[in-house]
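S.K.: Letter by letter, the chains look like this.
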Amino acid sequence: MHDQIVCVAGVTVLGLLEQAYFSLQVIYARRKYSVSPPMTSGPPEFERIFRAQANCSEYFPLFVASLWVSGLFFSQGLTALLGLLYLIGRYYYFWGYAESSLGRLKPLYFCAKVQWVLIGLSAVGVLCSMSRLYLGLDLMRYVSRV
Amino acid sequence: MHDQIVCVAGVTVLGLLEQAYFSLQVIYARRKYSVSPPMTSGPPEFERIFRAQANCSEYFPLFVASLWVSGLFFSQGLTALLGLLYLIGRYYYFWGYAESSLGRLKPLYFCAKVQWVLIGLSAVGVLCSMSRLYLGLDLMRYVSRV
Amino acid sequence: MHDQIVCVAGVTVLGLLEQAYFSLQVIYARRKYSVSPPMTSGPPEFERIFRAQANCSEYFPLFVASLWVSGLFFSQGLTALLGLLYLIGRYYYFWGYAESSLGRLKPLYFCAKVQWVLIGLSAVGVLCSMSRLYLGLDLMRYVSRV
Ligand SMILES: N[C@@H](CCC(=O)N[C@@H](CS)C(=O)NCC(=O)O)C(=O)O
Ligand SMILES: N[C@@H](CCC(=O)N[C@@H](CS)C(=O)NCC(=O)O)C(=O)O
Ligand SMILES: N[C@@H](CCC(=O)N[C@@H](CS)C(=O)NCC(=O)O)C(=O)O
Chain A
153 MHDQIVCVAG
163 VTVLGLLEQA
173 YFSLQVIYAR
183 RKYSVSPPMT
193 SGPPEFERIF
203 RAQANCSEYF
213 PLFVASLWVS
223 GLFFSQGLTA
233 LLGLLYLIGR
243 YYYFWGYAES
253 SLGRLKPLYF
263 CAKVQWVLIG
273 LSAVGVLCSM
283 SRLYLGLDLM
293 RYVSRV
Chain B
153 MHDQIVCVAG
163 VTVLGLLEQA
173 YFSLQVIYAR
183 RKYSVSPPMT
193 SGPPEFERIF
203 RAQANCSEYF
213 PLFVASLWVS
223 GLFFSQGLTA
233 LLGLLYLIGR
243 YYYFWGYAES
253 SLGRLKPLYF
263 CAKVQWVLIG
273 LSAVGVLCSM
283 SRLYLGLDLM
293 RYVSRV
Chain C
153 MHDQIVCVAG
163 VTVLGLLEQA
173 YFSLQVIYAR
183 RKYSVSPPMT
193 SGPPEFERIF
203 RAQANCSEYF
213 PLFVASLWVS
223 GLFFSQGLTA
233 LLGLLYLIGR
243 YYYFWGYAES
253 SLGRLKPLYF
263 CAKVQWVLIG
273 LSAVGVLCSM
283 SRLYLGLDLM
293 RYVSRV
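Protein chains in written order, with this note's numbering: chain A, 153 to 298; chain B, 153 to 298; chain C, 153 to 298.
The reader is advised that the hints may include incorrect statements.
Because identical chains share one entry, a pair is satisfied inside a single copy or across any pair of copies.
[As the list claims (entries may be wrong)] With a straight-line Cα cutoff of 25 Å, these simulated DMTMM-like cross-link-like pairs (lysine to aspartate or glutamate) come out:
{"#": "1", "residue 1": "K265", "residue 2": "D155"}
{"#": "2", "residue 1": "K184", "residue 2": "E199"}
{"#": "3", "residue 1": "K265", "residue 2": "E251"}
{"#": "4", "residue 1": "K265", "residue 2": "E197"}
{"#": "5", "residue 1": "K265", "residue 2": "E210"}
These aren't lab readings, by the way, just hints derived from the structure by calculation.
Build the full structure now, drawing on both the sequences and the hints.
M.R.: Structure below.
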C-alpha cells in the first residue's frame, strides 16, 4: 500500500510545511501590528494576513481528504501533481491577500479550479471502484481508454 | 484495502461536496449583504450564514477522522450510513442556522449524537484491534455476538 | 495494514475526545457569559476560551495528517507517543489560555516542538520510502543504524 500513496503523502508533508509557514506569518504580524491574542481584529494589513491563514486552514482538510481519496481511487501521479499546483496557488493566495483584498482573487480562482478537479477525480475513482465491486463493471477501463 | 473503504471514501466525497456548497453560500451572502473580505461581521443574516459554514468546517476534520477510523476498525456499512445521516443533519443545521439562531439547535443535537456514535464505534473498533493484537483476545467476536 | 496503524488510530480517537471536550467548554462558556451565537465576542474570559478551542481546531487537521503520515512511513510506536505528548500539551494550552493570554505560551511552545518533530519524521519517512522506491536506495536502514 505504501508505494501507492508515497507521492500523495509527500504532497501532504509539503502542505503541512506551508500551513506552518502561514501560521508563522500570523505570529509575526501579531507582533508587528501589536494585536495580542485573544484579539483577532486590528489594522486591515493584519486582518488580511489573519484571514488569509484562516481561509487556507479552513480548506486544508478538504484539500487533504480529496488528495488522499483521489490518490487512492483514481491515480497517484496526476493527484500529486494537482496537489502541488494547489499548494503553489495557496502561496500566491496568501501573499496576494496580504497585499490587498483584490490580490487574493486570481490565485483563489486557480485553487478553486484545482480543488474541484481533485473532488471530481475522487468522485470518479470511488464510483468506478463501487461499480466494479458491486456491479462487476470495470468502468475505469473505459475511463482510461477515453 | 480499497474494497474495505470505498463506501467511507464515497461518504467523504459527499462531505466535500457539501462543504463546497456551504462555502458558495458564504460567497453569495458576502455579495448580497456587501460584506467584503477581510471583514467577517455584518448584518445578523450574514453572520449566521458565515458562522454556520465556519462551524461545519470546524467539525469536518473530526467527522472525517472518526468516519475513517470507524470504517477501518469497526464496520464499513454502519459507518457509511451514520456518515450519511451526519451530512443530512449538517444540511439542516446550515439552513436552520441561516434562518435563526434557534433553528440550528435541533439539527445540531442530531449531528452531535451521530458524531458521538461514530467516535464510540471508532473507540470500540480500535480497542478490539488492540486487544486482539497485544492480548490475543478477539473481543470483536463477543461484540458481534451481542 | 490494520496492525501498522492501530496505535495511531487510538491516538486519533483520543484527539477526537479532546476536541469534543474543548467544544463543550465553549458551549458552557457561551451560557456562563451569555454570548449567544452567532456572536463570537464578549468578555475576555469568554474570548480566551473561544480562541483556545478555535486554535486547537485549526491545528487538529495538521496534527492528524502528520500523525498518520509519520505512523505509516516512519514508525508507529514513536509517532503514537509523540501524539500523546501533543494531546497532553494541548490540554494545558487550553486551560492556560482560558486563565490568561500568557498562560497559553509555555504549552504552545511545547506543542509546536512536538508538531515539528512529527512533521520532520513524516518528511524523513516519506523521503526514505521514495528513495527506496524510485532510486532503489534503502535509506531507512542507515537512519535506524544511526
Ligand atoms: N470563510 C470564507 C468562506 C468562503 C470563501 O472561501 N471565500 C473566499 C472568496 S470571497 C475568500 O477568499 N474569503 C476570504 C476570507 O475567508 O477571509 C469566507 O468567509 O469568505
Ligand atoms: N465554535 C463553536 C464551538 C461550540 C459549538 O459547536 N457550539 C454550537 C452550539 S452553541 C454552535 O452551534 N455554535 C454556533 C457557532 O459556532 O457559531 C462555538 O463558537 O459555539
Ligand atoms: N490563528 C492563529 C495562528 C497563529 C498561532 O497559532 N498563534 C499562537 C501564538 S500567537 C496562538 O496561540 N494564537 C492564539 C489564538 O489563535 O487565539 C492566531 O491567530 O494567532
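S.K.: How would you label the pair K265, E197 (within, between, both, or neither) given a Cα cut-off of 25 Å?
M.R.: Intra 27 Å, inter 28 Å, cutoff 25 Å: neither.
S.K.: Indicate which option fits the pair K265, D155 if close means a Cα-Cα distance not exceeding 25 Å: within, between, both or neither.
M.R.: neither (28 Å within a copy, 29 Å between copies)
S.K.: Is it within, between, both or neither when you check K265 against E251 at 25 Å Cα-Cα?
M.R.: This pair counts as within: shortest intra-copy Cα distance 22 Å, inter-copy 30 Å.
S.K.: With identical chains treated as interchangeable, where does the CA-CA distance between K184 and E199 reach 25 Å or less: within a copy, between copies, both, or neither?
M.R.: Classified as both: same-chain Cα gap 12 Å, cross-chain 22 Å, threshold 25 Å.
S.K.: Check K265 against E210 for me: Cα-Cα at most 25 Å, and say if that holds within a copy, between copies, both or neither.
M.R.: both (17 Å within a copy, 23 Å between copies)
Hints 1, 4 from the earlier list are contradicted by this structure; the remaining hints agree with it.
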